Amino acid sequence: MSNGTEPANLPEASQPTAGGREYWRSLEELAGTEAFKALMGNHLPRHAAAWTSAMDRREFLKLMGASLALAGVSGCLSPAPAPPDEKIVPYVNQPEEIVPGKPLYFATAIPAEGYGRGILVESHMGRPTKVEGNPQHPASLGATDAGTQASVLGLYDPDRSRVISNAGRVATWDAFFSALNAELESQRVSQGAGLRILTETVTSPTLAAQLQEILRIFPKAKWHQFDGGAGDYAQQGARMAFGQPLETFYRLEDADVIVSLDGDFLLRSPASLRYAREFINRRRIPGTSSEANRLYMIESTFSLTGSNADHRLAISPSAIPQLATTLAARLGVQISAQQPAISPAHEKWLGALVKDLQAHRGRSAIMPGEYQPAIVHALAHAMNDALGNIGKTVFYTDPVAVNATNHAESLRELVQDLEDNAAQVLIMLGGNPAYTAPADVDFPSHLVTSNFNVHLSLYEDETSALCHWHIPQAHYLESWSDVRAYDGTVTIMQPLIAPLYGGRTAHEILAALAGQAERSSYEIVRDYWRGQSKEKNFDAAWRTALHDGFVAGSAFSPRNVKPKPAAGFDASALKERSSGAAVKAQNEPSIEVIYRPDPSVLDGRFANNGWLQELPKPLTKLTWDNAVLMSPATAAKLGITYQVGGTGGEHGTIYADVVELEYDGRRTRGPGWIVPGHADDCVTIHLGYGRRRAGRVGTNLGFNANALRTLDTLWHGTSIAIRKTGAQYALACTQFHHLMEGRDLVRAGTIDGYHKNPKFLRERESEKEAPATLYPGYKYDGYAWGMSIDVNACIGCNACVAACHAENNGPVVGKKEVLRGREMHWIRVDRYHRGDPSNPETYYQPVPCMQCENAPCELVCPVGATTHSQEGLNDMVYNRCVGTRYCSNNCPYKVRRFNFFLYSDFKTESLKLLRNPDVTVRSRGVMEKCTYCVQRINQAKIAAEKDDRAVHDGEIETACQQACPTRAIIFGNINDPQSQVSQLKAQPLSYGLLTELNTRPRTTYQAKLRNPNPEIENG
Amino acid sequence: MARLPIYGLMAEFDSPEALLEAGRRAFAEGFRRMDAYSPFPVDGLAEAIGFHRTRVPLIVLIGGLLGCIGGFYLQYWVAVIDYPINIGGRPLNSWPSFIPVTFELTILLAALAAFFGVLALNRLPMPYHPVFNVERFELASRNRFFLCIEAADTNFELERTRRFLDEIGSLGTYEVEP
Amino acid sequence: MASKPPDISSDTLPVLEPGHTFASITDKISSIVLTGRTPLFWYISFGIGFLLVLLLLFCITAVVSVGIGLFGVMIPVAWGWAIVNFVWWIGIGHAGTLISAILLLLRQKWRQSINRFAEAMTLFAVACAGIFPLIHLGRPWFAYWLFPYPSTMGIQPQFRSPLVWDVFAVSTYFTVSLLFWFLGLIPDLATLRDRATRRVPRFIYGMLAMGWRGSAVHWHRYESAYLLLAGLATPLVVSVHTVVSFDFAVALVPGWHSTIFPPYFVAGAIYSGFAMVLTIAIPLRKLYGLEDFITLRHLKNMAIVMLATGMIVAYGYLMETFMAWYSGDIFEKYMMMNRMFGPYGWLYWVLILFNILIPQALWVRSLQTNPWVLFFIAIAVNIGMWLERYVIVVVSLHRDFLPSAWGMYSGTIFDYGVFVGTIGLFVALLFLFIRLLPMISIFEMRELVHEEEARSE
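Those protein sequence lines, which keep their order, are chains A, B and C. Per this note's numbering, the first sequence starts with residue 1, numbered consecutively. Per this note's numbering, the second sequence starts with residue 1, numbered consecutively. Per this note's numbering, the third sequence starts with residue 1, numbered consecutively.
With the rest of the complex left out, here is chain A (with noise of 0.2 angstroms):
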């Protein structure tokens, strides 16, 4: 996507018109300008009388700041963004006018896979620029996750679809309109008989409403769901341990031992957020009087939870149903069943295993993976009643997907009416499921054999190619909507921003299809709510919601149930409908292989986001690509190596052999990648990439595994065949190197050698004092700014390193560049592992600049482009940088960054709106680095000048720490002994990196601590 010559992070623009230009020259000029007048008139209606008629000034000066930041992008964007007209209600209290340069926060949600998650989102001078955590969301506490931080630069994707068009041609709302009345005429005879509506996960409650609002009108008409990434089996698993679909969520600060079933519940659930502060909160240290929680983790791929586990037990996919049985007999579930025999070693894993749950009844939890088979979910519903957890650790509630079904029988079923004819009428809200669906449906030929379909997207992809009308969909930032949390928690999203391209929402469509066309999405969900409210003062009520960013009381009350008897569960009804042949998988020993969605880009739905494609994913630390995952067992089975290569090398380019997949005589090749503590004999392959139509940052990245999918073996498949090609292909590889080679960088120790003695760290670092210098070290007075990094709570998940992108402006340098070790982040979190490398330990060690009070870097710059601050900050003058890197050279932690080429993207007019107007968006040739986030330093100085006083401890978060699930980072001011950094460092578990070499670091760590179970740790 980049060459050497045009390193133009995200692909160019379209150029703006010579109207889109002119509006820049100046803004006096514009204001008096016929042209802004018109832009008034075109995209403001409602507002242009303010200009004309009495000079209402508020709304003047709101208009200004509004339509002058915007009306640059007039040229390249139609309409022009602009404000929604409708009133929205920002977090804060309303100022007295948009104050230019003084951000605005509005509460929403983003819709992450159908969940809703709570955030603010800042806004300058109505450009949404960054989004942050609300933290009185439950499913948020105030993070964020690396997609939603990403998500801003989705909003402002310059691939994104325009324009409605039918069969490729630009057409309007009215002709859409108009065409579908037509369709609908005959399907208004036959009841619908035709009509069929394809959505994804559905928690929204005005959009299931239309929903059935539609089915009232159309009975025979049908609802499928398919959704790319969702596993949909605890629903079945509720209604097989129930009877009746169950929402299952865990309160994990409650917990002192935790067994997750292939569950990745740190980095993928709706309330993995939520869960990852609880799992730390028990950990810290410190911590919670109680004693610290124990994490067991059963998988088979190498998740970032499992990465986290104090024990970890890798075995294929296949075995992990059975084990659960074992496990749940040991429990004393009553099982009918036959128990297989285990393997000594697992025997005794078990056994210790056992006695923790025991030793913790209704203090502990068995957390099932999204991924497992019914049966898995079902039986630890079964065990967590028989450990008596439900009610403690565990809660049931209704389920908050609406009308929750199984997606793979869902698809089927659709493809099946399709086939029959009987599917006339498709209109598919959202998703892409000409790509997300697996080969065995070939769903894309299908989908041309109906009549009349209509696809409502992001983006023109490889399914709106094949439709007949494609409707733009308008961004979760532009959008009127609802959403529910994990726990039933209603958002009523709020646009921040006027559709870019006239994008409509789901809402609408619905509304066209019930014959209301004009209907704007606010009206519809305004309508339902004032229709489920019971306030006899509605407007107070909606406007509390907006300002909060939830419903209050909103969540679900957990259920009083109990599960039926596990002897009831029936394993072999399910056999096909549950994951695929892990069930029948076990007389053939074979290669067996697991789907998953990819850690960035999901299930392809954020392909096109550059950050996203170019943030490493957690254990691979793989960027732009996605890869076939085996164990180094399987990959020495398999002769599959690896070569490191010349340029770049361990920090960029790796030349891993090419695999060729075959099952059911379906064929793909991809690059081999060796993890350690991947199970044996078993293969991961990340979904979401090998788009065809994605835009031009995620077209053609990587290789397409729904070519091998099929619907029985949606996420685990056996006896897959595989065979290496002879080919190599080069992977770009952050971190390829993952031992520390016998350095003090990661400190860690177990709980158990803490509480015995607490000073142990310090002790066994004792000989190495930093050494004595001849320098009278610098006064600092006033603030010194210092921040405090907890390797504990670091979980790898990312979130720091997407959102000190979006806050400070950085740059996409693709593949290329990456392959060459010129990736622009500030922080990076790295990757180590210790141990044995069919099972190690792993380590993640966050590395932003250290701010050293002796910075190397200083004082070998010969321009003083990096010079210290008066609070110890370790500036970097960009104007001033003439780019020798010899301070880069310097730095031995090696985090500063070079512009090599024109890295930021000056042309893109869409992409103008995304930055955020306080930070430099740096040029070619100069260096940059982590500042600590000093923009917001000076604006919290600022404020704190104004009224006359000091900073208080907390009010400065930098981005990372903000954004931060398990509040790892802390940032504050050094000099003031009651600050919660200052506190921190006085921790004996402190310490600081590479300090014999006298850098003094500002950024210091706290030690890891592991909580392992004795029994299993010695013998």
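There may be inaccurate statements among the hints.
Partial selection, computed: residues in chain C whose CB lies under 8 angstroms from chain B [said to hold, decoys possible]:
hint	residue
1	26
2	154
3	183
4	191
5	212
6	443
Derived by calculation from the structure, the hints in this document are not laboratory data. For clarity, every value in this text was computed on a predicted model and none was experimentally measured. Where is the CB? At the ideal position from N, CA and C, for every residue including glycine.
Given the coordinates of chain A, work out where chains B and C should sit on it, guided by the hints.
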């Protein structure tokens, strides 16, 4: 002084020794305004015709001192007075780091002084000089040695001087056009 | 000639073949310049050089207009070929001034027939070296920020940075070498002025000679100035590569942060410098039939200097290895192991072969005077010294403190292009010099003849 018809008399010799001898004799004879020309430096020739000390070393010394003091002060001024700023926690006056540049500037100015000093003292560049009017003089840069007594010398008297030069073994004596 | 070192007095080989007079020498050397017809090999050599200069210009244009990313540099290896070449060229630039200055102070007569082109070589080498730090900046158009000048920004260079020391050292070195070289040229320019038959050359040489007429008084001042310049140049030569070595020694990168660097860089510089003088002298004396002036005696002496400095360099390598082990510093230890057995290990062993083992042949007396052997060894040393700088710069950087930041480096086509280009520039300049200026100091050769006669009488 009134303009003279000729610049002086030039005698040609074929070896440095001869020239040296001639120089001594001429000096003994009382001639002062004269100069000797040779294709390469001849030891003692300058002394022989009464030129003893040169001021070049002094000039070089001054240049060196200027470079040394100026060089250090430049850095001190920049780091301590003009724009004091915390660089890597080092003291403003990190004098050890200032030594290399001080040293280089010392050498630089001394060298410049030496080069331009010698040119200035030798009154070079000098595009025109009467001695070049002598046909044979082009051999002064090959294998011939010349002694030129200027007419401006108080003892200069054309015929007597010519005779004197022939006595001291001139291979050829020429009048030098002014 | 009071202070003649014994090894030379005991020596049988002459510094100047007998039977030469002031006239013969003058005519022989000046004819090379003043002759009407230029030899074919000159056209060929200069032509090749010129083409490579065009390549150089192309690469520079590309890098400046597109970005430094065209080079192979990355994080962690932010310095690559460019800096390697810079140090290499600077090193080569050491022999010239050293030969003319130090040997002058030591009154070594054998210097006189090689100092002129050795000095020219210095100038051209430093000119080539100067190109690299400049174009390998991220923003070369701001390079002048490294000089102190009355700046409206009110900000000046940061004098604690070795790079600033470098700027001063190298520019001073270039200036002083230039003065020294030109001062030596003045009398010979006068000779050419007087020998030239055609008007234009006569005029040009006349202007350059500034009216030099060989006056005894002028010679007197001239000699004292020349001697003083030599006295100044001598510590300067030593200081330049010392300062260059500071670029590395001051940094804390394992493999750079070492107190032995200054002496061993200087020795290395002289080593490579003499190697380059031999590389050039041996063909030239053949092509231009100068065997009488550049005699086997010169080759022998240079061979001995190479052997001596080569041993110092070897000692440097030894000490580095020893200290890495003796310091007990885990990073130093790893650096040394990685240097020897890491991904770039083979480079280290090749450099040991070229820099240490092959030159040991010079212990054999007969080989010291064998032009072919000397030429081969000189080439080997040139390559070996380049590899040494590559190992120091790249191999130290590519694996430093945090394994998470380790990476591999390799040059790109542009790295190669610029390097080959500078070699072309060097060749082109050298042949221009040979064609237009006396490559051997004529007046000093006359002096030599005179002294030889004095000795024979």
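Hint by hint, here is what the structure shows:
no.: 1; hint: 26; result: holds, 5 angstroms
no.: 2; hint: 154; result: holds, 7 angstroms
no.: 3; hint: 183; result: holds, 6 angstroms
no.: 4; hint: 191; result: holds, 4 angstroms
no.: 5; hint: 212; result: holds, 7 angstroms
no.: 6; hint: 443; result: holds, 4 angstroms
Consistency note: the structure conflicts with none of the earlier hints.
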